[in-house]
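So the protein lines, in turn, are chains A and B. Following our numbering, the residues of the first sequence are numbered contiguously, the last one being 906. Following our numbering, the residues of the second sequence are numbered contiguously, the last one being 541.
Because the hints were derived from the structure by calculation, they are not lab data. One should not assume that every hint holds.
Computed footprint of chain A on chain B; a stretch qualifies when at least three of its residues, placed anywhere within it, have a C-beta under 8 Å from a C-beta of chain A [unchecked claim]:
hint : segment
1    : 48–55
2    : 64–71
3    : 413–423
4    : 430–441
Restricting the straight-line Cα-Cα distance to at most 35 Å, the calculated cross-link-like pairs of lysine-lysine (DSBU-like) are [stated by the list, open to error]:
hint : chain 1 : residue 1 : chain 2 : residue 2
5    : A       : K662      : B       : K217
6    : B       : K18       : A       : K662
7    : A       : K274      : A       : K808
8    : B       : K484      : B       : K505
9    : A       : K702      : B       : K217
10   : A       : K466      : A       : K269
11   : A       : K808      : B       : K524
12   : A       : K662      : A       : K466
With beta-carbon atoms standing in for the labels, derived distance ranges [unchecked claim]:
hint : chain 1 : residue 1 : chain 2 : residue 2 : range
13   : B       : G173      : A       : G672      : 14 to 24 Å
14   : B       : S286      : A       : R573      : 33 to 43 Å
15   : A       : A550      : B       : D318      : 19 to 29 Å
Think of the CB as a built atom: it goes at the ideal place given N, C-alpha and C, for glycine as much as any other residue.
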Amino acid sequence: MRCRDTTIRERTHLRVAIDTGGTFTDCVYLAAGKLHVLKVFSTPADPSLAVLDCLAQTGEQSAFDLRHGTTVGTNTMLERKGARVAFVTTAGFEDTIAIGRQTRSRLYDWFAPLPNCLVPRELRFGVPERVSAEGEILRTPTEGELDALVNALRHSGAEAIAISLLFSFANPETERRAEAALRCLGLPISTSHRILPEFREYERASTTVVNAYLAPPMQNYLLQLERCVTKQYPGSRVDVMQSSGGIIPARLAAQEPARTVLSGPAGGVIGACHVARLAGFERIIGFDMGGTSTDVFLADSAAGGAQRTNESVVAGVPISLPMLDIHTAGAGGGSIARFDAGGMLRVGPGSAGADPGPICFGRGTLPTVTDAQLLLGRLDPESFLDGGVQLDSQSTRQIMREQKSSLATVEDFSVGILRVVDTQMEKAIRVISVERGYNPREFTLVAFGGGGPLHACSLARALRIPKVLIPAMPGALSAVGILLADLVRDYSRTVMLAENAIESIRDTFAEMEQLAATEFSREGLQGTALRSIDIRYRRQGYELNVPYASPASAVEAFHRLHQQRYGFSDAYKPVEIVNLRLRIIAAAEPWSPAYQEPVPGDGHVALYAERPIFFDGKFLPSRLYRREAFSPGDAIPGPAMITEYTSATLLPPGCRAQVDSYRNIVITVPA
Amino acid sequence: MTHTAADPAKPDPVDLAVFQSAVHSIAEEMGAALRRTALSPNIKERRDYSCAIFDGLGRVIAMGDHMPVHLGSMPMSVQAAVAAMAFAPGDIAILNDPYAGGTHLPDITMVLPVFLPSHDQPAFYVSNRAHHADVGGAFPGSMGPAREIFQEGIRIPPVRIVRGGNLDREMLDLILMNVRTPQEREGDLASQIGACRVGEQRMLQLAEKYGEQNLQPLVEELLDYSERLVRAELRTMPAGDFSAEDWLDDDGVTAVPRRITVRLRFDPAAASLNIDFSGSSPQVAGSVNAVRAITLSACFYMLRCLLREDAPATAGILGPLRLETPSGSIVDALPPAPVAGGNVETSQRIVDVLLRALAQAVPGRVPSASAGTMSNLTIGGVDPRTGEPFTYYETTAGGMGARPGIDGVSGVQTHMTNSLNTPIEALEYAYPLRVRRYAYRDGSGGAGQFRGGDGLIREVEMLADAQVTLLADRRKFRPYGLQSGEDGAPGGAWVLKAGTTEETEIPGKWTQRLSKGDILHIETPGGGGWGKR
């Protein structure tokens with residue numbers, strides 16, 4: 236991080252990243268150029284206890300630069316435990332926060348549950364006012380009308396306020412007046428022209444409401460954490476990971492909690508990108524397979540790194556802030572396989588979860604992906620979680636035989652389950668690659684999570700991806716990402732200008748940069764500003780984001796990108812500028828793990844067993860290796876399996892694995 | 009490929025699942041391509057389109073989860089195109105004729121034959137359909153109160169828009185010359201062509217992956233599978249006849265109500281269903297005539313909702329169904345009857361009637377009537393800011409009928425449509441209009457043990473003189489409640505002329521030139537209640 240007092244601070248502060256997970260809280264830190272990893276049990280009732288525990292376990296007494304990945308935001312959304320939010324909008328539009336886009340989520344289900352709006356009816360308030368598309372104030376509330384609003388809110392029992400008026404991004408004056416009037420209530424206020432000054436009223440309002448909904452719990456949590464940390468370790472600072480993959484000071488995060496909803500998963504993406512880049516891979520598809528679901532994402536260094544989106548939906552609620560574009564498929568290791576009424580094999584979305592879990596864990600009675608892996612010899616009963624869980628092959632085989640339907644053998648059934656689940660993974664990867672105009676063959680598959688390395692090679696083969704990377708330290712990848720992420724703050728504004736007015740955006744950009752500089756300097760930071768614009772053909776319903784250096788270069792880049800993404804472009808067609816975007820980045824201090832000169836080897840030190848594993852219709856004798864016993868330069872051919880504490884990498888015949896200088900496993904997959 | 013123990017030639021449950029997923033994802037990818045590249049808000053913002061894959065016999069094998077009203081009608085369009093022309097590689101057909109499998113003229117369909125290297129006949133067809141905001145005719149938006157289909161816009165039989173890989177510029181010019189917003193149409197048509205090509209590429213890759221000779225057994229198994237799902241469900245239904253009727257208020261020409269009547273005959277032993285619409289009104293002078301394709305879509309929709317599984321929409325679902333529609337009736341119109349409203353209004357009433365009959369067979373599994381009208385609003389004129397013509401089209405949702413055990417949802421699209429609203433800020437940028445109110449219509453849902461969802465209120469002010477057309481129903485005949493639940497409130501609409509204070513009520517099917525400053529106020533119906541309060 237480039238701070239004003241860089242020299243002093245970097246020498247005395249220990250940079251540490253702590254990522255709260257469901258079961259474990261992961262901690263990584265750099266000491267004397269070396270990366271240390273700690274794992275403690277999470278403390279769901281008060282996640283900060285595990286964080287402080289981690290800090291204590293480092294044994295350091297100095298001040299910390301603590302960077303935190305938190306699940307407080309996500310869990311508050313999922314459990315619907317946020318603040319009672321009052322929603323203030325243009326009179327006549329109070330219900331729009333509930334109406335949304337007036338669609339139903341399940342097309343052929345007459346019994347879909349009632350939607351659960353974050354703002355109950357009695358907390359929706361209208362202000363008599365109107366701004367036009369051009370930013371002209373057509374009607375402004377009188378002082379009396381604002382007083383009435385304040386009084387109505389005072390007795391509503393609201394704990395936070397979200398203000399989102401129509402076209403407030405085009406002219407925020409009325410929103411500011413309403414905000415000023417409501418200040419006297421002493422409640423946290425989120426205003427749409429600050430949170431998301433962009434057009435499309437429902438998505439802007441929804442984002443603003445999420446921010447207000449999360450404000451009290453996140454402020455409590457983050458500010459309390461900051462107090463505890465600075466009290467115990469004076470001079471420390473606390474930063475938080477945002478859903479966009481950038482770090483932000485805790486105090487700003489507490490003001491804009493909507494930006495940190497997917498804090499933890501963002502760490503995993505950034506971690507995977509860093510590790511892959513060190514290993515020499517600039518274009519990657521990330522594949523993180525867990526117990527109930529699987530996350531996939533795409534990153535291309537030439538196109539600005541990990542792909543981001545402004546159209547996320549979290550726990551059923553749209554949030555239109557920049558977030559890493561993580562696509563989730565509803566299948567993982569615990570997904571249940573069954574034959575439906577028409578006789579087709581289905582896997583997921585039902586999951587055996589932790590209880591009862593897969594059959595092989597001893598209590599389950601329904602076949603899962605994990606059971607299929609076991610019967611095909613792809614789980615090593617002894618090394619699985621260091622032998623911490625006994626796997627029951629016998630009863631798994633018996634129950635699977637009873638449920639295999641018309642399939643000839645339990646192996647056919649198991650192979651079938653894996654084929655079906657791989658098909659779902661393949662579909663998810665196509666969504667983030669092919670549907671976005673990228674060819675997966677030009678990427679490297681980076682696999683992690685409990686199940687990723689088991690499925691990676693077959694998936695790579697199906698997508699014709701030539702290389703697979705299994706990163707070192709897969710269990711702490713998310714914390715590593717948080718440790719290495721840049722400090723980033725995003726700003727945006729809808730302008731909706733014709734091409735011939737493009738010159739006028741210079742002033743708006745200058746204004747945005749001024750605001751950014753002020754906010755950054757308040758935190759003692761300096762950053763580099765990156766300008767970009769969202770642009771589209773006039774009257775088109777969809778805009779593309781391109782870097783902005785000059786009007787001409789941006790327009791040219793747009794035509795090129797349109798051609799690449801959609802297969803056509805027209806340099807003579809008029810365009811319009813929809814949004815301006817500004818991203819301020821203070822780069823994190825780079826770090827490279829220890830480089831070890833590779834020494835060609837066959838990995839025999841790591842070899843610990845030979846077992847039959849099922850590949851392509853039959854069991855083949857296969858070698859089992861312990862990952863931690865490998866040295867850089869070791870190379871082994873498939874069929875083989877490489878085991879580690881939380882995961883195992885499957886190497887089918889024809890594939891070849893090599894351990895690189897940073898202890899990543901790089902697999903070559905034949906076409 | 010692995011095989012079942014029983015029949016070595018038949019694809020097993022795994023092959024089936026993998027193949028089903030693959031073709032479905034192709035239909036979804038076509039949809040994603042179409043949405044991303046389309047020019048008009050109607051396709052991008054409202055998502056009024058569908059994409060599907062067909063086998064060489066024109067049987068649908070995969071359809072994206074898009075618009076239910078296209079379920080049965082897309083296949084009929086493809087069959088009409090296949091019957092009408094001898095396709096050569098690189099051709100793409102275009103059509104919108106409702107009397108050739110279309111729904112109404114604004115829905116333009118494209119069909120691309122997929123030729124595999126060793127075949128001289130198409131092995132597959134890929135197709136997409138999108139609602140265009142204007143296709144010419146007497147009224148902007150092509151949804152006005154016409155008396156003949158010729159007044160509703162340009163009618164395109166199956167013809168080639170692309171020949172041997174090259175765009176037929178003459179055909180395109182002919183179409184564009186007949187519409188009000190040619191630039192926007194050209195952009196949308198280009199994205200439809202692009203989406204067809206995405207589908208073609210992916211089908212060719214699929215054939216390469218599987219081997220051409222292995223595809224047909226998979227297709228047959230997929231169709232069989234869907235049929236097995238439906239038959240398994242039909243075996244659980246009570247035997248017997250279940251009849252119902254409901255009414256359209258009028259046809260927009262006279263005030264005479266029009267009847268739709270149906271008889272469902274379930275035969276669980278044969279696992280079959282016979283649906284007979286005999287007794288429905290003859291076709292009418294106004295535009296609420298539904299072609300048979302729409303009636304088939306409604307039946308397809310009902311069957312799909314009845315299935316407990318998330319079943320793929322293939323031709324197999326219709327296997328156990330026998331559908332009888334009286335020719336020349338309001339549910340099976342003949343040319344030159346106008347049909348714009350059949351797609352959006354009558355289609356919903358057909359569903360209402362089907363569900364009313366179904367509720368007698370399985371009362372605990374069927375919701376009360378939903379709004380039953382799409383309250384279509386079309387506004388066209390010249391935008392004073394640019395001097396260019398514009399056409400705006402929007403449907404306003406109503407209340408969902410109460411379900412046994414749960415209230416109906418308020419202000420939500422139901423049954424045959426699921427198009428999104430246009431964001432107010434997007435529409436005010438694009439058109440000389442100002443939205444003044446958008447709210448729930450309190451108390452409009454029918455009371456009952458479970459309440460029907462409320463309808464919506466929407467007010468739009470004209471910022472320029474414009475031709476305004478409304479196409480709505482459920483004014484006289486309210487959305488029914490079930491099991492003694494009360495009916496939902498009827499819909500309504502009013503015009504407030506600029507500078508006056510008196511609102512004039514307007515009929516459901518109406519067109520008029522409004523002036524700058526006039527305000528249109530629409531209220532949509534609530535859903536019916538369920539069970540005695």
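Going through the earlier hints one by one, which of them does the structure break, listed in rising order?
Hints 2, 7, 12 are the ones this structure does not satisfy, whereas the remaining hints hold.
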